[in-house]
Amino acid sequence: MEERFASVLRQSIDEVLDGQRTGRFDVDELDKTEKTYLGTRVEIVARAAFGLGYGRAMDYEIAGHEVDAKFTSGRTWTIPKEAMGHLCLVMSADDHRGRFEVGLLRITEDVLRPGYNQDKKRGISAQGRHAIHWLVMDGALPANVLLSLRDEDHDAIFRASDGYRGGGNGGQLRINELFRRVAFHRTPSGPGGGCMVDRTTTLTVASQQDSPKRVRDARLPQHLGREGIIILGHQRRHAEIARTLGVPVPDRGSWVAARLTYATEGSAYPVVELEGRRYALAGESDVPAPPPTEY
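Counting from 1, one number per residue, gives the positions in the sequence shown under the UniProt record's numbering.
One should not assume that every hint holds.
[As the list claims (entries may be wrong)] Derived DSS-like pairs (lysine-lysine); straight-line CA-CA distance at most 25 Å:
| # | residue 1 | residue 2 |
| --- | --- | --- |
| 1 | Lys32 | Lys121 |
| 2 | Lys81 | Lys121 |
| 3 | Lys213 | Lys120 |
| 4 | Lys120 | Lys35 |
| 5 | Lys35 | Lys81 |
| 6 | Lys120 | Lys81 |
| 7 | Lys32 | Lys81 |
| 8 | Lys121 | Lys35 |
Since the hints were derived computationally from the structure, they do not count as laboratory data. What you are looking at is a predicted structure, and each value in this text was computed from that prediction instead of being measured.
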């Protein structure tokens, strides 16, 4: 159940952010109308994901009960007067922390705060929060890659195409910078400094529908290949290479980058052979080793 709700919330947030068209990756950038629509989107995606029926008075009918969907990206939910006496499926997601929660609550006077907001809705009280029957408490929300990076990384990625005068919109330059900044390298405690990249992230950065092609091209010698950066997906030997290097193994629609150096004889680090050459994960001061074009 946790995985299904996590997918519902990740999909809903990403669809409303619409990164491919807007370049946004933070719900704090949404205006009030969009934040309201995010709640509606969560309701719709959850209905489809769980096969929930339409209610007569509330959003859903579940096992003969009228259930209203309530979502917040903040700390509490606001409840309209028409939900009084009904069950609410309360859902919240904190994309900055990568956590979410889902529960069921019967709305009665003793679970609501006394005051109303400007929309004539009331918040759930501390007592009401204790009354929630939790379906998922402190669940893991799929990572928002761009949100996890530093502000200086965001600036470098999105400004990588400043002044670009070639064909297209410079998406290749931004994708190159993204993978340059999330590539794994060797640290004293093992592989570090990197992260998995999903398709939504590449769409937001490239601002192009064919962002996977930009990723495939990024590994070529004229782009990141000459810097010793390998980009692994789910194809061919990529899973085997990732396991050998000790970096995350990408699923379909995701990628991981790693910096390579030539492996010395008797290397104390994991070694992978590509086109007859031996490579290892590069440390901060190692000389980069361009990988072959095909691997």
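Outcome of the hint check:
| no. | hint | verdict |
| --- | --- | --- |
| 1 | Lys32 with Lys121 | holds, 16 Å |
| 2 | Lys81 with Lys121 | holds, 7 Å |
| 3 | Lys213 with Lys120 | violated, 50 Å |
| 4 | Lys120 with Lys35 | holds, 18 Å |
| 5 | Lys35 with Lys81 | holds, 21 Å |
| 6 | Lys120 with Lys81 | holds, 8 Å |
| 7 | Lys32 with Lys81 | holds, 21 Å |
| 8 | Lys121 with Lys35 | holds, 16 Å |
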